[in-house]
Amino acid sequence: MNQKNRSVLFLTIFVIILLCVFPIFLPSFALYLLNEMLIYGLFSYGFYFLFSHAGYLSFGQAAYFALGAYSVALMYKHVSLAIWLPFLTAIIGTAIVAVILGFLSVKLGRLYFAFLTMAFAQMIYAIVFRWRSFTGGDDGIPGVSRGFIDISFMRFNLESPQHFYYFTLVIFVVLLFVLRKLVESSFGLTLRSIRDNAERASFTGVNPQRYVLIAFVISAVYCAISGALHASLTKMAYPELSYWSTSAEPIIMTLIGGVYTFSGPFIGAVVYIFLKTYLMTIIGNWILFLGLILLIMVLFFRSGVMGFIEQKWGVKL
Amino acid sequence: MSMLRSEGIRKDFSKFTALAGISLEVRKGEIRSIIGPNGAGKTTFFNVVTGKFKPTEGKIYFDGKDITGKPSYEIARYGIARTFQIVNIFLNLTVLENIMIPVLNKYKKNRDFFSAPGIQDDIMKDCLQVIKGVGLEKDAHSIAGNLSHGDKKKLDIGIGLARNPKMLLLDEPTGGLNPQDNRAILSLIKTIAEKEKLTIVLVEHDMHAVFSISDNITVFHQGRIIAEGKPEDVRQNRLVIEAYLGEEF
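Protein chains in written order, with numbering that gives the first Met the number 0: chain F, 0 to 316; chain V, 0 to 248.
If you're looking for bench data, these hints aren't it; they were derived computationally from the structure. Bear in mind the structure is a predicted one, so any value in this text is a computation, not a measurement. Think of the CB as a built atom: it goes at the ideal place given N, C-alpha and C, for glycine as much as any other residue. Do not take every clue at face value.
[Claimed, not checked] Computed beta-carbon distance windows for the label pairs: (1) V/K196 x F/E198: 45 to 51 Å; (2) V/E193 x F/V172: 52 to 58 Å; (3) F/V172 x V/K53: 57 to 63 Å; (4) F/F28 x V/A139: 20 to 26 Å; (5) V/K196 x F/N1: 24 to 30 Å.
[As the list claims (entries may be wrong)] If you want a taste of the chain F side facing chain V, the calculated C-beta under 7 Å gives, among others: (6) N4; (7) S6; (8) D137; (9) K180; (10) V182; (11) S184; (12) F186; (13) D195; (14) R199; (15) F202; (16) G204; (17) Q208; (18) T276.
[What the hints assert, rightly or not] Derived DSBU-like pairs (lysine-lysine); straight-line CA-CA distance at most 35 Å: (19) V/K27 x F/K315; (20) V/K124 x F/K315; (21) F/K76 x F/K3; (22) V/K137 x V/K64; (23) V/K58 x V/K105; (24) F/K3 x V/K64; (25) V/K229 x V/K124; (26) F/K106 x V/K108.
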């Protein structure tokens, strides 16, 4: 391991330690924001994996975010307050939906993929919105629990902000570790070959659609887990979670952070939520400033915050 | 023993007929050139054989198996590899990674989710051997997009070879090269053919290359075969001279 790799490793460990000790001194609102950053970071990683490695731009990952949210909301309400079944339902249910919709979406190539994912997400929005008896319609499902973890006779209640923050942090770190492995694996490399040149990949024996479908399902599961955490954090599941503007959020976060850097999606989520919260309290209409920020990004920092830093320091972050 | 056999291949693009009944047979271990003027259907024929296009009519057999209309990734697995007229590589990956994609596929390891081949693995050894074979060992860790045109062509051939195909289709392997690279690529093709006992079909416009390298030549004109045979026979064929070679050759 060379000097630069070692400093990146130390930096990573330092950030994780920082994230661990934050709850001790952060005021509750700041902790809530940090929690939200982790959740949206995870959501962005779902988008990032599919976009940055397979080269497929999805405009509909909100569908899976919402499916995760509604799965745990309904399961906590009707079935169990232990986290296992609700999260399992969110993961497996979303994966099944993603296999079906993904299969239909990858058939026609990249451009149609963007449209089809958006169309399917809007269909899910319509279903969630209309099916009042099951989903609560536009009222959504209020009062979602945060559940508890029971391991043999021990029980950790996740209702308190600190406990729930650590729960999110553990999931975040584990899923990021898994994603890193995926990115560095032969599968990740094969995805990037498809991103670069799907035709060439298929002439070497790779079936591009199959690989993109697998990446799509992995992405959807990441989105679902973040959606599930979001429902618990905000104690709400509501139809807008599946709306197309929700799909745009991980896209913007990933762009801000840096599309081709591994830390980009999380940094993007941190910057986005920070700006959103503070600009909203200062000026109210923050969408205008978001437009301005995106303009500046596209003109001067096309590789995102982390991409810019990578180029300046000559390290992979 | 025939390696590739096509029977009455016809390919229509709406009203335009690109191939009007191509029947040919390539023996195992043969080097076959396909020549003809632009628009004769040479590349279309490659595209039909490798599954990019489905033929409108006709059958293609490879190594005794019917491969007509199969998707290109399946055809690649039967043992047909190809290169392209316009360099077709993974521009943002390194040379090693470019070669690794087909090698991983050969070992059925593309779907290895949590590990990548280490330096000791057979996969890595195979990759390095292919890279050495096409003479790119100094550039193994360079990004493919930064290579010179000649080196990109070599890499394209390397990607084709990496899966240990039974047959290699080369679409204008010397196109756009300077004389030095041209010679390098030709000697590379000859070496491959001898060492790997590969069947090679190539489309080429460099007639000196074609006549020096080929066992047999097939001449396409307007989607049909107008002549076929040993280089010296084709050279003297009246039809070929009129359609393509011209009097001075």
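Output the numbers, in ascending order, of every earlier hint that fails for this structure. The structure conflicts with hints 1, 3, 4, 5, 6, 7, 8, 10, 17, 18, 19, 21, 22, 24 and 25, although it agrees with all the remaining ones.
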